[in-house]
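Engineer: Protein chains in written order, with this note's numbering: chain A, 1 to 355; chain B, 1 to 355.
Source of the hints: derived by calculation from the structure; they are not laboratory data.
In this text, all values refer to a predicted model and were calculated from it rather than measured experimentally.
Between beta-carbon pairs, the in silico distance windows are:
{"hint": "1", "chain 1": "B", "residue 1": "Asn58", "chain 2": "A", "residue 2": "Ala41", "range": "35 to 45 Å"}
{"hint": "2", "chain 1": "A", "residue 1": "Glu211", "chain 2": "B", "residue 2": "Lys215", "range": "29 to 39 Å"}
{"hint": "3", "chain 1": "A", "residue 1": "Gly122", "chain 2": "B", "residue 2": "Ala258", "range": "48 to 58 Å"}
{"hint": "4", "chain 1": "B", "residue 1": "Thr134", "chain 2": "A", "residue 2": "Thr62", "range": "42 to 52 Å"}
{"hint": "5", "chain 1": "A", "residue 1": "Leu316", "chain 2": "B", "residue 2": "Asn229", "range": "31 to 41 Å"}
{"hint": "6", "chain 1": "A", "residue 1": "Ala311", "chain 2": "B", "residue 2": "Glu61", "range": "31 to 41 Å"}
{"hint": "7", "chain 1": "A", "residue 1": "Thr302", "chain 2": "B", "residue 2": "Asn58", "range": "45 to 55 Å"}
{"hint": "8", "chain 1": "A", "residue 1": "Ala51", "chain 2": "B", "residue 2": "Ser89", "range": "42 to 52 Å"}
{"hint": "9", "chain 1": "A", "residue 1": "Thr62", "chain 2": "B", "residue 2": "Ala258", "range": "50 to 60 Å"}
{"hint": "10", "chain 1": "A", "residue 1": "Glu211", "chain 2": "B", "residue 2": "Gln86", "range": "23 to 33 Å"}
{"hint": "11", "chain 1": "B", "residue 1": "Lys104", "chain 2": "A", "residue 2": "Gly87", "range": "20 to 30 Å"}
{"hint": "12", "chain 1": "B", "residue 1": "Pro85", "chain 2": "A", "residue 2": "Arg325", "range": "34 to 44 Å"}
Stretch by stretch, here's where chain B covers chain A in the computed footprint (C-beta under 8 Å, at least three residues):
{"hint": "13", "stretch": "12–20"}
{"hint": "14", "stretch": "105–112"}
Glycine residues also receive a C-beta, built at the ideal position from the N, C-alpha and C atoms.
2 protein chains.
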Amino acid sequence: MNFNAGPAALPLAALERAQAELLDLGGTGMSVMEHSHRGKAYEAVHNEAIALTRELLNVPETYQILLLQGGASQQFATVPMNLLPQGKSADYVLTGAWSQKAYKEGKTIGTVRVAGTTEKDGKFGRIPAQSELTLDANAAYAHITSNNTIFGTQWDKFPETGSVPLVADMSSDLMWRPIDVSKFGLIYAGAQKNLGPSGLVVVIVRKDLVEGGRKDIPTIFQYRTHAENNSLYNTPPTFSVYLLRNVLDDVKKNGGLAAMEKRNRDKAKLIYDVIDARSDFYGSPVEKSARSAMNIVFTLKTPELETEFLAEAKKLKMEGLKGHRSVGGMRASTYNAVLPEWCKALADFMKAFKA
Amino acid sequence: MNFNAGPAALPLAALERAQAELLDLGGTGMSVMEHSHRGKAYEAVHNEAIALTRELLNVPETYQILLLQGGASQQFATVPMNLLPQGKSADYVLTGAWSQKAYKEGKTIGTVRVAGTTEKDGKFGRIPAQSELTLDANAAYAHITSNNTIFGTQWDKFPETGSVPLVADMSSDLMWRPIDVSKFGLIYAGAQKNLGPSGLVVVIVRKDLVEGGRKDIPTIFQYRTHAENNSLYNTPPTFSVYLLRNVLDDVKKNGGLAAMEKRNRDKAKLIYDVIDARSDFYGSPVEKSARSAMNIVFTLKTPELETEFLAEAKKLKMEGLKGHRSVGGMRASTYNAVLPEWCKALADFMKAFKA
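Start from the sequences and build out the full structure, keeping to the hints where you can.
Structural biologist: Written as structure tokens, this is what we have:
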């Protein structure tokens with residue numbers, strides 16, 4: 001039972017499909033990894049991955065879907081490199097360690113400002129209300145981290161930024177529920193949570209932002225370079241794209257994002273209900289309205305109890321429950337591929353452990 | 001029989017190992033893709049891949065080995081971003097399309113100059129002699145492409161650049177024979193030829209260059225960021241690193257790079273001998289001293305003959321023999337994982353086709 005925060009559990013069907021055809025993609029006698037990225041066999045996979053992303057998220061035609069490398073951490077740099085011209089400023093809303101990193105990297109490139117933060121004594125236990133944000137109406141963009149893997153918080157409704165493009169790091173948030181893509185200027189997500197293996201980042205970006213992006217940066221970092229070449233400007237990470245295809249195909253076969261959202265909310269409720277019913281024993285450092293359906297953070301009363309909890313969980317073959325080293329406590333990540341029965345087993349174990 | 005230029009054939013043993021443990025890495029019950037990059041199981045793989053690179057190439061301790069993303073095309077940008085300060089210039093030797101691309105990307109970042117070119121009527125059929133190079137003794141570095149995938153040329157002996165660090169794109173050249181790493185300041189190689197799947201780039205860089213690198217660039221693009229974090233600053237492409245480990249383990253088991261070089265030279269000779277013995281039928285656009293042991297480029301007399309050649313080869317299950325669209329003709333890529341019997345079969349077919 002894999003509760004890792006990322007890289008995380010992948011759908012068994014997607015992995016089994018990869019295993020079955022690892023040496024022979026569709027009767028070609030070659031692994032997908034051995035195919036030319038300019039050949040028909042790979043191109044079909046590549047285009048299917050993009051088409052499934054568009055279909056499942058209902059991405060408007062006015063948006064480009066890019067498959068890139070370098071992870072979300074590289075997007076921390078390439079977003080301002082492309083979208084933040086000299087003389088302009090960009091807004092960052094800070095809700096955790098990843099938005100702090102994005103903000104800090106933005107500083108290396110241009111003028112960035114904090115348009116809101118929920119930091120308190122070095123921790124972030126909530127998501128700001130719209131009224132708390134001090135947004136710059138002339139900002140090049142406003143950046144949020146839509147789910148905070150480390151602190152276990154998640155934006156339920158996204159902020160209104162008027163005509164300023166909303167940019168969201170959705171690494172641990174994309175593809176677990178339907179979203180209205182048209183609310184965003186740019187969405188990026190490292191694949192290793194709900195999408196596929198690490199080494200791939202999905203970028204969904206409004207075409208006018210691509211076209212208006214800066215041209216005084218290296219070719220390889222311009223979104224237009226990849227947009228104009230269907231993400232085949234240089235060799236893409238072909239196996240990672242292939243796995244993305246397998247994962248999205250599995251999501252579709254299981255009812256798409258509406259079904260996925262119901263399943264995920266039910267999974268999270270199983271665990272949060274145990275925490276709430278035993279609040280004398282399990283602590284929740286997160287404001288209820290900000291609770292993440294992807295990363296469920298909770299604490300026990302003493303370090304000894306936490307150690308014992310992890311040891312007992314390990315005996316039950318539950319992995320990845322230790323909280324991030326920067327915040328401590330426990331964390332159960334319950335992405336799409338984490339099975340409902342694992343969440344049920346964890347909830348039952350939490351009850352038994354308290355008893 | 002996979003003669004693709006890249007992504008290319010991978011060793012069957014490396015793929016079979018991946019297939020066998022795709023759902024369960026070393027009895028952990030999880031795929032390597034599902035493991036945390038901070039966990040013991042993945043870290044062992046990661047460190048073994050780096051250690052095997054060091055061992056097989058005999059990399060001195062004064063060099064850092066980095067496992068990065070973005071391919072060689074991203075290195076075209078990050079090499080000058082790190083190593084080319086304002087007020088300095090960098091030398092580029094042009095021997096083909098990839099060195100032209102590296103030079104062009106360098107221009108977007110700083111002052112670069114051409115220190116030699118073998119271009120003639122838009123084509124590159126040879127490698128320059130040392131005497132042809134006009135090297136700047138004050139250059140920040142001198143850049144070469146050590147093997148030219150498209151034109152089928154390869155540096156046999158590398159140029160002398162004195163105290164100027166030699167930087168080499170070895171994407172289609174690394175790990176097929178022993179090299180003296182100490183001759184270089186920095187080597188980079190996209191994995192998808194002799195190393196593993198696409199989506200991974202190996203950088204071997206002198207530690208003093210890392211330390212002296214520019215600090216006024218985004219954190220994610222600084223070599224020091226990755227050097228200080230053992231290439232675990234952000235989530236690495238874990239499956240690609242795992243495959244690199246499998247491939248290098250296979251190279252080691254097959255006798256290391258000395259054995260690999262003999263095998264590769266024998267393979268290339270099989271094909272070049274047919275070309276030379278039938279020079280009234282097969283043309284070689286490459287000067288003999290510059291012939292690549294990795295990419296064997298040859299021509300036939302007419303487009304009709306070339307079409308027929310490819311059609312007959314396809315019947316024999318030979319893939320990837322069509323030359324690059326920019327130069328035409330034929331190209332057989334004979335990387336490490338291309339079996340000697342495939343090269344023998346191709347040579348035999350070439351004889352029969354002429355007959």
